[in-house]
Every structure is written in C-alpha cells, then in structure tokens.
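In this text, residue positions in the sequence shown follow the numbering used here: the first is 1, and each later residue adds one.
Everything labelled a hint here was simulated from the structure, so no lab data went into it.
All residues carry an ideal CB built from backbone N, CA and C; glycine is no exception.
All clues stand as given, with none of them false.
Okay, derived cross-link-like pairs now, DSS-like style, lysine-lysine, Cα gap no bigger than 25 Å in a straight line:
(1) K3 x K13
(2) K3 x K16
(3) K16 x K64
(4) K64 x K13
(5) K63 x K16
(6) K13 x K63
Derived DEER-like restraints, expressed as beta-carbon distance ranges:
(7) L55 x G26: 13 to 21 Å
(8) I25 x I59: 13 to 21 Å
(9) E5 x I78: 31 to 39 Å
(10) V27 x T80: 16 to 24 Å
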Amino acid sequence: MTKEELKSKALNKLFKNQGIYNGLIGVGLLYSVFLTSNPIEISRLLLVYIILVALYGSITSDKKIILTQGGLAILALISTFF
Numbered sequence: 001m002t003k004e005e006l007k008s009k010a011l012n013k014l015f016k017n018q019g020i021y022n023g024l025i026g027v028g029l030l031y032s033v034f035l036t037s038n039p040i041e042i043s044r045l046l047l048v049y050i051i052l053v054a055l056y057g058s059i060t061s062d063k064k065i066i067l068t069q070g071g072l073a074i075l076a077l078i079s080t081f082f
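Let's have the full structure, built from the sequences with the hints guiding it.
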C-alpha cells in the first residue's frame with residue numbers, strides 16, 4: 001500500500017471503524033469475564049460472532065482471513081469447553 005493510499009480519507013475511516021469494532025468486541029469479552037454472572041455463555045456468543053465475521057471475510061475477500069482474524073477466536077472458543 002502506498003503512502004498516498006494511506007492518506008485517503010475513506011481508508012482512514014475504514015481503519016477507524018475497524019478499530020472501534022475490535023475495541024467494542026474486546027470490551028464485551030472483558031465484561032463477560034469480569035462483570036457478568038454467566039461469563040462462559042457471553043464469551044462464547046462474542047467468540048462465535050467474531051468467527052462468523054471472519055468467515056464472511058474469507059468468503060468475500062481473502063480465504064486466509066478465517067485464520068488470521070478468526071484463528072484466535074476459534075482457539076478461545078474451543079478452550080471454553082474444557
């Protein structure tokens with residue numbers, strides 16, 4: 001990606017939106033772990049959401065997204081069953 005592309009207002013808006021998305025998912029996971037009475041259920045729900053978004057990205061954009069964006073969520077979801 002060139003410096004000119006990085007200066008694009010549309011691209012900056014996209015990066016900000018992605019940052020907010022990731023930040024809010026992180027807040028939701030922290031809430032589910034520390035403040036709720038049923039942390040596993042809420043954590044699983046958020047992790048499935050992350051995996052579904054990654055699956056959509058792998059179908060519409062790049063097949064590697066399921067592993068790069070969803071890989072840790074998949075591992076975290078599996079770990080909630082043990």
